[in-house]
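Chains as they are written, first to last, in the working numbering: chain A, 1 to 242; chain B, 243 to 570.
Check the hints yourself; a few may be wrong.
[As the list claims (entries may be wrong)] To give an idea of the interface, some chain A residues facing chain B are shown, with a C-beta separation under 7 Å as derived from the structure:
1. Asp138
2. Gln139
3. Glu141
4. Ala142
5. Ala144
6. Thr145
7. Gly147
8. Pro160
Honestly, the hints are just simulated from the structure, not real lab data. Remember, it's a predicted structure, so these values are computed and weren't measured experimentally. Glycine is no exception: its CB is placed at the ideal position from the N, C-alpha and C atoms.
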Amino acid sequence: MGLVLYRTFEHGLAAPINSLTSADGAHAFWLTLEITAIAVPLNTIFGVATALLLTRRNFPGRTFLNGLVDLPFAVSPVVVGLALLLVYGRTGWFGGWLADNGIRVIFSTPGMVLATIFVSLPFVVRETVPVLQELGTDQEEAAATLGASSWQTFWRVTLPAIRWGVGYGVVLTTARALGEFGAVSVVSGRLVGQTETLTLRVQNEFERFDLTGAYAASALLAVMAIAVLLVMTALERRRRAT
Amino acid sequence: MISAKAIEKSYGDFKALHDVSVDVPRGSLTALLGPSGSGKSTLLRVIAGLEVPDAGTVLIEGRDVTSVPPQRRGIGFVFQHYAAFKHMTVAQNVAFGLQVRKRPKDEIRTKVDELLKLVHLGGWADSYPGNLSGGQRQRMALARALAVEPSVLLLDEPFGALDARVREELRSWLRRLHDELHVTTVFVTHDQREAMEVSDQVVVLNEGRVEQVGPPLEVYDKPANDFVMGFVGPVTKLDGETVRPHDFDLFHDPTDGAVEAQVERIVPLGFEVRVELVLGDSSPLTVQLTRMESELLELQPGEIVYARPRSAPSPGAGLLGEAQNLLG
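The shape of chain A in the complex, shown without the other chains (with noise of 0.2 Å):
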């Protein structure tokens, strides 16, 4: 990561910088944010739901849930790229009646989002159901004898006492929505200016031999990791503490 910054830097400051607030780099910066903005926050809430339904619900299928979250680890990202063309592309199951309705989910944000989405699925829910395991059912169980409805159980009760857990998942989440090619690579056809994420970018300014431009986008993702990975230091020694 030293010989990046080094390679980002070899040639002065304004090259890089000059780079990155470029309208086409200040845009892949942006869009990078947007995806993570959307994706994060809608696995978290189906992650914590999903744990949930696991630790709490006995239901025939659960063990094919169970399977079924951890699928995005199993398949590369590139296929999971593929398969969503191949579900909205043009020529795709929605793809035409998508066209129709003049909404663009490939070669546009949706599509990425879904990409993005698809690939960091399993981190909430991984992180959150050993916590509920745990937990264990005695205070839920406690919060109903004293009147508590399901929903005020688990505002007051079950999400206070996993707050670290679902923290570190989501942290885990971000990290792999900020650095996601793959997928997104497949989805996005990687227009410059339009759907160019900070990790796309890096590719683009490599093929085009910008090498400063990589670097400098490069060094940007680092940044953003090391401020995640610092979360999640944090998160992990309240974890550790509670």
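Fit chain B to the known structure of chain A by using the hints.
Quick look at chain B alone, frame taken from chain A:
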């Protein structure tokens, strides 16, 4: 008043409760007593609404609550492992039930202060449960359950996780608290001494069935069967009969109705002394004497003595036994 009628509950192939019917009189303190796996906790959870029975009905204060969720049964429940809300202070824990009922803040504060005093946790309002001892946590849990003024209080092995001394303290404290508040209370225990000491009525359960219901002394003195006899107190066998070890007299000389036995071991137990004997057919017999009796006899290991059962109660004895005899 709680009535559980013909309750059935299975977990897969395991039958946890089999045709269980129990009445808990209003204002009483009833113990559900039994070994682990006897269904006592399941029965309590069915009364609370935390488990749904496969069949049968539950009435609380005359209201059929079988299909009513725990939130609306008007119960207070205390768990073996406290179930403290760890992220809330002691005061917030106790206030929980009132807060979800959206009571006015002033009323909540007054009520919480009052309850914390009642359970001797006045100075701990702003502490977290993690800083409390086991006994204090359980008192907090009790205050939390009482805050919503339940019509019945249900305790699931409330002292099971505490060490012996604290357990004894809390036991007698619970008894006094009950005498003060008169809330209909049911508690689950596997400890027959706890049931004897605290309750007005004991329900003995075994393998998902009710074996006997009655006041503690009656259950002890007139056990309905061998299981109850063996479970509520120590037993020893003589000629195939089950007898309590403290229902024997020992003599140095042959006596009418006494059997010959050799002293094998003398075990001092504080106030009492356990004498382990071997009969002529080499079967063991245990006799429990007071220390005074034992000292007067000056027993020595190896010595031959004569043991005579007092007019001891045996299973099926007493009114119930006589009725059974009459019925053949």
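Report the numbers of all earlier hints that the structure fails to satisfy, in ascending order. none
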